[in-house]
Amino acid sequence: MDNRQQAERLLRALSEADDRYIEEALSPARKAAVTPLRKYSGFIAAIAAALIFLIGGGVLFKLSNTGRNDSARPEADSEETFAEAMYIDAASDELSIRSAATEANDMTYGGECEEDTSDETVAECIDGAVGETPVANAVIEAGSAEELYAMSGIGADFPDSVNGSVSTRYYYYSFGMIEVQYLDKHDNLLCTIRKAPASEVQADIPGDYADYVMYEQPDIDGLQNVMIAGADDRFFMATWNCETQDETYAYSVWYESSVSRDDIVDVIMQTS
Amino acid sequence: MEDNVIIDMYFARDEQAIGSTRDKYGRLLRSIAYGILRSHEDSEECENDTYLKTWNSIPPVRPASLQAFLAKITRNLSLDRYDRMHAQKRGGGEVPLMIEELEECIPDESAQRTDDDSDSEELKRIINEFLGTLADDARKIFMRRYFFGDSVKEIADKYGFGVSKVKMSLSRSRESLQAVLNKEGYYG
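Note that the protein sequences, when read in sequence, are chains Z and C.
Position one of the first sequence corresponds to residue 168 (my numbering), numbered consecutively onward.
Position one of the second sequence corresponds to residue -1 (my numbering), numbered consecutively onward.
Don't read these hints as lab results, they were simulated from the structure.
Quick reminder that beta carbons are idealized off the backbone N, C-alpha and C, glycines included.
Some hints could be false.
[To be verified] Okay, the calculated bits of chain C under chain Z, using three or more residues with CB under 8 Å as the criterion:
| id | region |
| --- | --- |
| 1 | 69 to 78 |
| 2 | 123 to 129 |
| 3 | 134 to 148 |
One chain only, chain Z, in its complex shape:
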């Protein structure tokens, strides 16, 4: 039997795969989360590249004028240090952002936070959040719900645990969205909850563009536009709005594995 025949035999033998693996591959497709940053990664990368080019030129120009090759700290009002370098990790296909200034020590800020009301400086002032580097547009991890609130001004009134999770991660998207990830004991992601002013995100908040088989709109007191999605009476995703006195917030819940209707509605009610 030659290699081709063996390969054909292997192909045939795959028909004997366990039912659970067939069922798994037939389960509703869960597209990889597409965060707004990732969605526009090409555009952002182009802007970042242009900024890096300009900054590089500016730094060289400055050095050549001053004759100094040690890097003086930029002036506090300098625009040069606000550049970001974006790196796409080919192995994980995940987009990550690091400040160019973080990697190039000669471009970091020192000193104290100024009483600037910009998002960049608010983020910068959170202890340990971004070190000494101002970040123009980034995803920043917070150490706790309280720290997340301090960064964003958005209350993270989320459940302590979802689906038996044992740990949580908190993220602030500097365009105005917060995210809490719930993980199991192996650090596998179980569930993601997001919240942002509805005016900022609208339908984009879950970052989930899968076409689900089933959509339902349950009535839940005090909430608007509640929608849950999944298949075969199991649910992966929910979105809804909740009005407060000052703002209407959009929420999303996104599960890695499907849950029952009662479970997803329960999390919606706990979150709002």
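Using the hints, position chain C against chain Z.
Below, chain C without anything else, positioned relative to chain Z:
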């Protein structure tokens, strides 16, 4: 309609079982056949053949998963039909590519082995153990490619991955499968 109700209808020899199966799984079965045959006409014929074979199989068989049971029948019927088409020099689609890719899993020494050396039950066990070692995403990608015959692009679109990620995952899985086959001494 619940699967166990449909299965009970087969056991009761109620012909409505076929209609219910078609209503619930017809689209899925056509898509499985199409993944292998890339012909709508042939896919519909395979779908209809699946209903007949299911009618003749249940009873006595009572499948634990009707969906997987039907999927396996359709896949095998589609591969049979592909062989016939191939013999007649028509058709193509993903199967030649799938075979070519799976050849990477076969060590060179296998050319010296005869069919008698192979044992289907053993191969089934090895494949299922191998599938059990893969991460969830890698396993889904592998199954979509080599069980359902999806193209790399279709898998990437389905799961929202990049094409390069799907290719990389398949390449790693094939390497793993080759290592498992070597270790088990199945081919090498």
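Hints, verified against the model:
Proximity of the region 69 to 78 of chain C to chain Z, defined as three or more residues with a beta carbon under 8 Å from a beta carbon of that chain, is established by the 5 residues found. Restraint check on the region 123 to 129 of chain C versus chain Z: 3 residues with Cβ-Cβ distances below 8 Å, three needed, restraint holds. For the region 134 to 148 of chain C, the stated coverage by chain Z holds: 8 residues have a C-beta nearer than 8 Å to a C-beta of that chain, and at least 3 were required.
Comparing the model with each earlier hint shows no violations; every hint is respected.
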